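Build out the structure end to end from the sequences listed, making use of the hints.
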Amino acid sequence: VTKYGFVIDHRKCIGCHACTVACKSENNVPLGSFRTWVKYIEKGAFPNTRRYFTIERCQHCEDAPCVEICPTRALYKRHDGIVDFTGDRCIGCKSCMQACPYDALYIDPNTHTAAKCHYCAHRTDRGLLPACVIVCPTKAIIAGDLEDPASEIAETLARQQVQVRRPDQGTRPQVFYVAADETAITPGLAAQPPSYLRSQVGPPGVDLEPKGALERMRQLAQGSTPASDGSAQRGMAPPGNIAGSTQAVTVYDVAHPKPWGWKVATYLWTKSVGGGALAVAGPLLAAGFLSPALTAGAGLIAALFTVLTAVLLVWDLKRPERFWRVLLTPNPRSWLVWGAYILTLYGLVAGLWLLSGLLGAGSALRLLLAPGILLGLAAAAYSAFLFGQAEGRDFWQSPLLLWQLLAAALLGGAASTVLVAAVVDTGNTRLLEILTILLLAGVLGTFGIVLAELYTLHANKDVAAAAAYAKRGPAATRLWLGYALLGVALPTLLLLGVLTAGLPLGASMLAALAALVGLWCYEDVWVRAGQSVAMS
Amino acid sequence: MKVNWLRTDRPRRTKVPVEGRIPPEPFVPERASGLVSYPPPEQWDHWTEYESTAWPHKVERTYQIVPTICFNCEAACGLLAYVDKETREIRKLEGNPYHPSSRGRNCAKGPATLNQVNDPERILYPLQRVGPRGGGKWERVSWDTALDDIAARIRRAIVEDRKTELFYHVGRPGEDGYMDRVLPAWGVDAHNSHTNVCSSSARAGYAFWMGNDRPSPDYANARFILALNAHLESGHYFNPYAQRIVEAKLAGAKIAVMDPRLSNTAANADYWLPTWPGSEAAVLLAIANVILQEDRFDATFVRRWVNWEEFLQHEHPDGPVSFERFVELLKASYSRYSPEFAEQESRIPAATVVQLAREIAAAGSAFAAHVWRGASSGNLGGWQVARALFFLNVLTGSVATPGGTAPNLWNKFVPIPPKRPPHQQVWNLLSWPLEYPLAHHEMSILLPHFLKEGRGKLAMYFTRVYNPVWTNPDGFSWMEVLQDEAKVECHACLTPTWSETAWFADYVLPMGHGPERHDTFSYETYAGQWLGFRQPVVRVARERQGERFTYTYEANPGEVWEEDEFWIELSWRIDPDGSLGIRQYFESPYRPDEKMSIEEYYRWMFENSVPGLPEAAAAEGLTPLEYMRQYTAFEIKGETYRDQETEVAPVELEGARVDPVTGLITTGQPAPPPREAKPSIGASLDATRRPIGVMVDGVARVGFPTPSRKLEFYSRTLKEWGWPEEAIPNYIRSHVHYSAMDASRNEFALVPTFRLPTLIHTRSGNSKWLNEISHSNPIWIHTSDAQQLGVVTGDLLKVMTEIGHYVNRAWVTEAIMPGVVACSHHLGRWRLAEHEGMERWSSALAELSHEPSGDGPGQRWRLRYVHGIQPWTSDDPDSERVWWQDAGVHQNLTFPVHPDPVSGMHCWHQKVQVEKAGPDDRYGDVVVDTGKAHKVYRDWLSLARPGPGPDGLRRPFWLFRPYRPAAEAYRVDRATPPPPADLDRREAIDESGAGGSG
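One line per chain: the protein sequences are A and B, in this order.
My numbering puts the first residue of the first sequence at 121, with every later residue one more than the last.
My numbering puts the first residue of the second sequence at 186, with every later residue one more than the last.
A portion of the hints provided could be inaccurate.
[Stated by the list, open to error] Stretch-level coverage of chain B by chain A, calculated; a stretch enters the list once three of its residues show a Cβ under 8 Å from a Cβ in chain A:
1. 719 to 728
2. 939 to 951
3. 962 to 972
4. 996 to 1007
The hints are simulated quantities; they were obtained by calculation from the structure and are not laboratory data.
Bear in mind that the values here come from a model prediction, so they are computed numbers and not experimental data.
Just so you know, even glycine gets a beta-carbon here, dropped at the ideal spot from N, CA and C.
Written as structure tokens, this is what we have:
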């Protein structure tokens, strides 16, 4: 069986970028995107300074996480080992970009679908070597069949000591490096300057928001100096004179957009509210605490927020008109698919619940009780498995995530029910007291898990770096002011006040609102922190 | 067994001849399980592959694959153009596996050619200025109008005997031999080059040694490589050399790189030797000294091939002419270059110098060394750097050996073109002034100052692939004279794209990019000889499909011409009836009295002037032209070495005289007809003493093309032409020597010359892919210096030269030596109008202002950026995706001219004062006083030691001179000399190719 791979021999690479340009030409890769690129690292104090190059690209992993997460089977592993893709099937969900630990994928602004190095499969199928291989002046990129002992690649692998990138990710990459410097192939070991040796730091996320980006860049270019533009891109750059320190410094690289933004954070939030609505209302209904109006109200919240969740999900797709492919041409290994099924079913249940509630159909409600609770919990919690498939984002792969999502569902369900109850069922003090306790439990439960997430021992340095981004980095204000103060401290005080000092109903409502705003802040911090760590 | 696949130069693949053809072996070995690099040539006429953008749908596209030659640097690597049979457009450009020099491989600039062809900003129609020159108003004009006007101006100048008012100023020639025919046909000395902003000093240093003005290192076979260059990063010939250096490295060769800055070459080397700029010769001579004192030199080679007899004869006439005495004197005279002295000058530890000397000596005849720009072009006296470097080749006996360094012309071939005109009778003093009789070559940087001084005017000035306003030092002085219509009556810019210089033209005439034109050339990229043929790929593809074209522009986009046809057409219009004697050279060699077609020009050369080509073509059933259209490269001979040992033919020795002391063999017989059109070097004015060789150990050998026919350790030419103290390899302290720097005033040596692997001087502004990778040129400054100035990476610095300053960002790094700052030379492109004048991929919008200078004739200029690079809307959706804003900073404007008094090189390095930028300084600011610039010019001019030299000559006759005039023109008094030995047969002398340009 043929198994294609690459050997990249850094005894020979001279950092000339010919592979980058030949690839752009062969595959029509737009400005701002790269299927292969050459990273430069410098280290050592004068005159013992050295510069190292690394050629980066798709690693054609044996266990490719992008293939696993892709909901529509747009990415697939061919029999010859090439990880290829079909733009036609891609819905532009960008989950592959989160799954890949090598930053190999991008969204093509022409097609709005994901793309990456595909070993020039269109060439190999005609018997030709990939474009980067044939251009390389020093033959530093070796391609061929790893299983063919007569091939140069197999011979090189047999003779030379090789390294792979990020072996800890368990992806079994099929790109092997000879004599690569550890600092150059391991992300995060080199400092990031505000600009590079001969270019700005970039590209910024142009391919994600073409219109806005164009306008933003016009503004940046208008009368502003590159220094100030560069600092806008500074990101995680430590302050001060980093290019001059003797620690390793990245002196050329290409930047990768952070594919998920506020829509994904909001999706997590709407899902907590929507899923939590029936998960909280269900037991209360069974215990007889809910009035018909509140029962219908819970259904309304569940249905409305599930629809909102779906809208956000579809809106975040680069090809939203293809959203149906998730349901109709699904990849059963992708939690994005299972999530879509869960949300669909839950939305259905929530709609029926609402209808039954409005019609006062008690028997129907009794039938919907168990599905409502279970699907509500599933809708809230399945994302733990989805984010668990985001192999590139170690911060998201936390074992606490499931519990955090469940606690958030409790928070979201209780808070939304408090708000509805305050409107339709003000007289039910017993219920309000239970809801207050539930909300307090949700707020404190979530907060406890968050603290554990951020402060207990981290699985690796990437997780630690992401946690630091949240705790002390650019997201700290939102975490501490938006979440901890507004979303935890304030509701806790108010709710304790309600429970012990008999504060009026308004205090519960305010607490619920504050807790919801705070929860959104945390989801946003969490989504951003997860993507803050360099992968290449 | 250890298999070194890189050494598998020529794989033997089983090949089935198609239709009786036996294609040559490609230069690409394949062991990739059935995958190959290139479609087999039998299928090039009809090659089907899958369109990548439709993948995984198997959408087939059919291509005509047409090879051609890259034009993005001088290396002339092979390309294969995939011309879509349906759209007739070029889909992509890959490497040509049948090119012996590039062997199917390219650097980033090769595939980026596609951007240049498809550039939405390119100029497609001839433009004529409207309003004042430089005013920025243009209108489209017909080629006929432009050609007629220009031809009339040239004709008038020729008829009125104002021939020296015609100027053809070329940057990158990208061809060998074509213009060498055109200009002499007009009888003019019009050629001006970019050489003295590039390589004059290295050329001079090598030429005084061996006649040839370029080195040809045999990197592939070297055991030790000493590079005063950046061949793993840029330079000539980047791709072919990088391939071979890496081959040698993998085979165990050691690499040492001398560069104050950590280049990518230095980053890949075993030794990075950060030398203080200008101290390189001190280190090299100290290495020589160690080799000499430790008796590690190749005494046999030195005795056989160095002109020590001449040295003793002239410098030490009071003793015996013996080699032992020479060695004693040699050791004595170089003992002052101790390793400690080298350390003091360069800061390279003395122990390292000794170690290097021993390693170099151990490599022996497999020691490859090379300098071209770098240290030579940066420093006053930089030509002695080249002389000191080649001294090491001489001492180790590594001249023209496997793994050594050869004279370049031995690895170069220039075919004789149809009907060659005689040499011109005029000498152009604006290019070849009397002050610089040894210059290599034209004093192009001084042209604006000469015009300002009233030394002449230009009736017709062509610039071609040349951008002096931007590239040359002192660009504001260029702008001043280009805008003075009394000094420059008409300026036509031949260019595919806008440039800062084109803005100051009367005509902008669009010429084809690499895949849109014909040229031939040959460069010394390895120890063999090859000929390359560039061809317009769409024209060729369409002709293969049955279409017929008279001119290449019919198949090019818009009204883009190719220069070869332009010169034929222009020459024809200068002399339409043949009365000036010009037209005859542009008539067809096959159809009497009719205009030559470009196909006929090359067909004639390939049929008549390239040894082995007709036979190779016949073996494939092709005509020579068809063969070259099929492969575009032909290897004339593979690796050959030690050409100097070739014995003089017995028939030539008849009646020859042998000098009893030096062994020089001369003859009065006429020279045999030449077999190629290489430059004539080493000729004698005296017809009775034509040198033909030298006696070495009793055998008559052809030797080197120098007056002594040996390697000239001792240059009588330098002595007789005013530089006796520099007649042997020596160390000249640079104008940026550390003793000239006052650290307390924040004075630094600025290295402003280094290149980037992805850019092409000022010619890659039209490539989006290349500019995306490189678009900034910050000031490299060492951490300790940055701390002194209180700056970090990104802070603005003000860099002050003798005539002005510029403002750029700091790049704080450990990759440069303390006390030295460096800035890459490609970037800082600007335009003066929003929508034209320069490529928007790469240029900032700027505004110019000026006021009278307080310091003499000139202005105080300021260039300030209005905005950086911005996205815009065009046919190419990528123009809206331009994500970078930085265009870099233009530094060359702030450099005054620094002509080296011997080589004529513009000595690029600058002594600068660097400070943190002030509140009024903005990124990209350039301020210059051209009055001051003219004063600096006068100061440097006063260093020159003007000719004429012996015999009242303007220049030593034996020395290489591009576009060599007739012998009579060499004489200041123009008295008719006796017919010189080489000139009684016109064909015997030519200088086509100018040894390549650099």
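- Query: Which of the listed hints are broken here?
  - Reply: 1
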